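Protein chains in written order, with numbering that gives the first Met the number 0: chain A, 0 to 252; chain B, 0 to 266.
FYI, nobody ran anything at the bench for these hints, they're computed from the structure. Since the structure is predicted, the reported quantities are computational estimates derived from the model, not experimental observations. Idealized CB from N, CA, C, for every residue including glycine. There may be inaccurate statements among the hints.
[Claimed, not checked] If you want the footprint, here are the derived chain B segments under chain A, 3+ residues with CB under 8 Å:
# : segment
1 : 49-57
2 : 191-204
3 : 250-258
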Amino acid sequence: MRAGFRRYSAYRQAALAGVITNSVFGLIRAATLATLFTGATRSSEYTPQQMSTYVWLGQGLLSVVLLWGGWDFAERIRTGHVAVDLYRPWDLQAALLAEEIGRAGYALALRFLPPMIIGLALSEMYLPRDPLIWLLFLISALLSVVISFSLRFMINLAAFWLLDIRGPASMYALVSNLLTGLVLPIWMFPGWAQTAIWATPFPYLLQAPIDVFVEHGSPWRLLGAQLLVTAIVLGAGRLMLRRAEHRLVVQGG
Amino acid sequence: MADTLRVYAGILHARWRIAMSYRTSFAFEITGQAIGQLTEVVVIALLFTRIRSMGGFDVTAVLLMYGFSAACFGLADTVVGQVEKLPQLIRSGELDAMLIRPLGLLPQLCLLDIQLRRLGRLLSGLLILGVAAHRAPIDWTWDRFLLVGLCTVTGAVIFSAIFVAACSISFWVVEGSELANAVTYGGTAFASYPLTIYDRILRRLMAYVLPGAFISYYPTVTLLGIRDPLGLPGWFGWLGPVVALLSCLVAGLIWRTAVRRYRGTGS
Numbered sequence: 000m001r002a003g004f005r006r007y008s009a010y011r012q013a014a015l016a017g018v019i020t021n022s023v024f025g026l027i028r029a030a031t032l033a034t035l036f037t038g039a040t041r042s043s044e045y046t047p048q049q050m051s052t053y054v055w056l057g058q059g060l061l062s063v064v065l066l067w068g069g070w071d072f073a074e075r076i077r078t079g080h081v082a083v084d085l086y087r088p089w090d091l092q093a094a095l096l097a098e099e100i101g102r103a104g105y106a107l108a109l110r111f112l113p114p115m116i117i118g119l120a121l122s123e124m125y126l127p128r129d130p131l132i133w134l135l136f137l138i139s140a141l142l143s144v145v146i147s148f149s150l151r152f153m154i155n156l157a158a159f160w161l162l163d164i165r166g167p168a169s170m171y172a173l174v175s176n177l178l179t180g181l182v183l184p185i186w187m188f189p190g191w192a193q194t195a196i197w198a199t200p201f202p203y204l205l206q207a208p209i210d211v212f213v214e215h216g217s218p219w220r221l222l223g224a225q226l227l228v229t230a231i232v233l234g235a236g237r238l239m240l241r242r243a244e245h246r247l248v249v250q251g252g
Numbered sequence: 000m001a002d003t004l005r006v007y008a009g010i011l012h013a014r015w016r017i018a019m020s021y022r023t024s025f026a027f028e029i030t031g032q033a034i035g036q037l038t039e040v041v042v043i044a045l046l047f048t049r050i051r052s053m054g055g056f057d058v059t060a061v062l063l064m065y066g067f068s069a070a071c072f073g074l075a076d077t078v079v080g081q082v083e084k085l086p087q088l089i090r091s092g093e094l095d096a097m098l099i100r101p102l103g104l105l106p107q108l109c110l111l112d113i114q115l116r117r118l119g120r121l122l123s124g125l126l127i128l129g130v131a132a133h134r135a136p137i138d139w140t141w142d143r144f145l146l147v148g149l150c151t152v153t154g155a156v157i158f159s160a161i162f163v164a165a166c167s168i169s170f171w172v173v174e175g176s177e178l179a180n181a182v183t184y185g186g187t188a189f190a191s192y193p194l195t196i197y198d199r200i201l202r203r204l205m206a207y208v209l210p211g212a213f214i215s216y217y218p219t220v221t222l223l224g225i226r227d228p229l230g231l232p233g234w235f236g237w238l239g240p241v242v243a244l245l246s247c248l249v250a251g252l253i254w255r256t257a258v259r260r261y262r263g264t265g266s
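So here's chain A without its partners, still in its complex pose (with noise of 0.2 Å):
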């Protein structure tokens, strides 16, 4: 964990760089949701204040859980460099999960804070009154961050069966920006769709933390359905590698 947190704070200016582009987006999309509260229409399930939190708290979190990226994996299982990982004294996937947790640690320090001042320079922001839903809104996002690697995991791992995973990885990035709620908050959708969305993974790694802390619907039972999720995808990972395992043959050298 420490080791991951050290590897990513040692690039701080292309930090500097995520954390100004992902502001800058944090603009543009506020500005497109803000019309929702103008004219005569005000049918919305988000106040303004919770509408602008959703907004930078997206942003923010977006590099903490880490919805773009993430393949180094992959390329270790083509390039074979998997036969050290797979012989080392460790279980893989925790000593991988502990990178990740590490590196999420950092992304919160680092990517997550600045936009979230911005966010609070530049607009009414809703903040939760009760420090309990701080804490909770931390679990989830950490939940989040879990879930993220663990969906991660098992792409990186079809490397054993496809050698090359970039049509998976493109598919999982073409289907995150809508269905996780970054783009567009979930409630936005037509009811079924809304219904279908949160059958799947998705917006467990963003709307769920968001939600929780705009205290929108209850956060209990939101990190309910995070924890089911989070054992699911957690298990199914790991018997994926134990499948995995049995494709690998090392020829010598």
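Given the structure of chain A, go ahead and fit chain B onto it with the hints provided.
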């Protein structure tokens, strides 16, 4: 001159053959890019189920703006989007090899790594623009046809200039590519919606300092013959070529300065 062009044509042909040797994968990637571009249409459609106008514009006008933005960005991304790879080329030392070849650096960068799958994005951009223009209540006289064609090209040139100018930053800042995203991808996101919804600072920066307003907003206002809520005259949509020329001059100047100042790492 003719020889140089033949070299470039040869490179392009080779890239096409590479793409065609993995036909299924290429088809998937093109479709993926095309669908990716269409997700924003879902966003616009869902927003307009709850609102009737956005910053004074109805859904047809917003779709037209999005169409211009997507088509122009798609074209620019296909032709010069590869400059994004600059940081990797600098780090690996490959750029040094490119600098000593008797070919222009920028054309080499653009052609050697051209990503033909981006055509998917361009195609869906053009499709959105076509559908939006067809649905809009426009009396299609020849000058309006000309305006659409002209603005698609000049908008792409403006985006290309933004790409080149923004990626030049990689010569100074090693991890600058993500910063460039703020004005390239950020630029197309900005240009997808009416200027009127943004606050003053963002609007000045992204619409006039970076000439994002001339990619989609003014062309749409002129095309639909709407009175501009921001009070500028109706012929502003025709300024595209002038703005594109100016952007190229500025981008060229920045690029030249950046390349002059570059020293190889010796790797």
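Coverage of the segment 191-204 of chain B by chain A, judged on three or more residues with CB within 8 Å: holds (count 5)
Count the residues of the segment 49-57 of chain B whose CB lies closer than 8 Å to any CB of chain A, then report whether that count reaches three. Contact hint for the segment 49-57 of chain B vs chain A: holds, 6 residues under 8 Å.
Outcome, coverage of the segment 250-258 of chain B by chain A - at least 3 residues whose beta-carbon is closer than 8 Å to one in that chain: violated (count 0)
Violated hint for the displayed structure: number 3, the only one.
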